[in-house]
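Colleague: So the chains spell out like this:
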Amino acid sequence: MEDLSEQKPAPTTAWLWQALTGVGLIVLLALHMMTQHFIAEGGIRDFAGVADYLRNPIVVLLELLFLVTVTAHALLGVRSILFDLGLSARAETTVSRALLVVGILTVAYGMWLTWTITQQI
Amino acid sequence: MATQLQSSRLRRTAQWADVRRRGMGMWAYTLNRVTGIGLLVYLYLHLVVLSMLAGGPDMWDPFVNLARSPLFLALDVILIAGWLIHGLNGIRVTLTGLGFGTRSQKSLFVGLMLIAGIGTVVMGIMVFGS
Numbered sequence: 210m211e212d213l214s215e216q217k218p219a220p221t222t223a224w225l226w227q228a229l230t231g232v233g234l235i236v237l238l239a240l241h242m243m244t245q246h247f248i249a250e251g252g253i254r255d256f257a258g259v260a261d262y263l264r265n266p267i268v269v270l271l272e273l274l275f276l277v278t279v280t281a282h283a284l285l286g287v288r289s290i291l292f293d294l295g296l297s298a299r300a301e302t303t304v305s306r307a308l309l310v311v312g313i314l315t316v317a318y319g320m321w322l323t324w325t326i327t328q329q330i
Numbered sequence: 003m004a005t006q007l008q009s010s011r012l013r014r015t016a017q018w019a020d021v022r023r024r025g026m027g028m029w030a031y032t033l034n035r036v037t038g039i040g041l042l043v044y045l046y047l048h049l050v051v052l053s054m055l056a057g058g059p060d061m062w063d064p065f066v067n068l069a070r071s072p073l074f075l076a077l078d079v080i081l082i083a084g085w086l087i088h089g090l091n092g093i094r095v096t097l098t099g100l101g102f103g104t105r106s107q108k109s110l111f112v113g114l115m116l117i118a119g120i121g122t123v124v125m126g127i128m129v130f131g132s
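Going line by line, the protein sequences match chains A and B. The numbers in the numbering used here rise by one with no breaks, and the one at position 98 of the first sequence is 307. The numbers in the numbering used here rise by one with no breaks, and the one at position 27 of the second sequence is 29.
If you are wondering where the hints come from, they were derived from the structure by calculation, not from laboratory data. Ideal Cβ placement from N, Cα and C applies to all residues, glycine included. Don't take every hint at face value.
[As the list claims (entries may be wrong)] Label pairs and their calculated CB-CB ranges:
1. B:Met128 x A:Glu301: 38 to 46 Å
2. A:Met320 x B:Pro64: 21 to 29 Å
3. B:Leu73 x A:Gln329: 45 to 53 Å
4. A:Thr325 x B:Ser106: 47 to 55 Å
5. A:Trp324 x B:Lys108: 43 to 51 Å
6. B:Arg105 x A:Tyr262: 40 to 48 Å
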């Protein structure tokens, strides 16, 4: 088996963040699946069920934490793939900044959606 | 010159996806990326679908019936397989990246993928059973 880890230098900060968010996702995804799907009747909640679920502020906090973690993990993965293109230092900075904007917009969208749903309760 | 450079970049970019005549380590690496890209696409599709919640029960509830159809449940099982493969393989990547178990990568990968396979079957039964 090729040992890819031995071909790399010491883990970068981005790699460590991706690993950390990955570990966090194991817990958060398991929680999300159990609460949103496995204990929900028929595997998915209707609107009244979603609204009722979001009445609990701890649930809202956990779902937003899940969104931040999964977005960070996913976009760090995209960054890693794009960096494999052999970009210049300037292009790498541009990519990092663009992905940060995408991440912020994604989380902002999640917060807006949660707020919109809770306003209809 | 510019075309040559672009071609060289494309070759380098596609290198990770080309597993022909490569060892199991490269298969594991590629599998992680392919499942990662699939899960990224799913994440944004999921967020788009959830926007229907903003339209209230009139928009969301008809979708719930569709999501409980056998086709959607089968897609859910594929999604769960993607999570298990990516997650378990990711644990291996993290461990070996930090210097743990580098000599037993092959058996670790095979063992974890076996768990992913069993997990997918069990979760599939749970999904269709619900």
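Colleague: At the C-beta level, are tryptophan 324 (chain A) and lysine 108 (chain B) separated by a distance inside 43 to 51 Å?
Modeller: Holds - the Cβ-Cβ distance for tryptophan 324 (chain A) and lysine 108 (chain B), about 49 Å, lies within 43 to 51 Å.
Colleague: Given the range 40 to 48 Å, decide if the beta-carbon distance of arginine 105 (chain B) to tyrosine 262 (chain A) lies inside it.
Modeller: Since the Cβ atoms of arginine 105 (chain B) and tyrosine 262 (chain A) sit about 46 Å apart, the hinted range of 40 to 48 Å holds.
Colleague: Hint says 47 to 55 Å; check whether the CB-CB distance for threonine 325 (chain A) and serine 106 (chain B) agrees.
Modeller: holds, 49 Å
Colleague: Kindly confirm whether 38 to 46 Å is satisfied by the beta carbon distance between methionine 128 (chain B) and glutamate 301 (chain A).
Modeller: Given about 43 Å between the Cβ atoms, the range holds.
Colleague: Holds or violated: 21 to 29 Å for the Cβ distance of methionine 320 (chain A) and proline 64 (chain B)?
Modeller: holds, 26 Å
Colleague: Taking 45 to 53 Å as the hint, is the beta-carbon distance of leucine 73 (chain B) and glutamine 329 (chain A) inside that range?
Modeller: violated, 29 Å
The structure does not agree with numbered hint 3 stated previously, though it agrees with all others.
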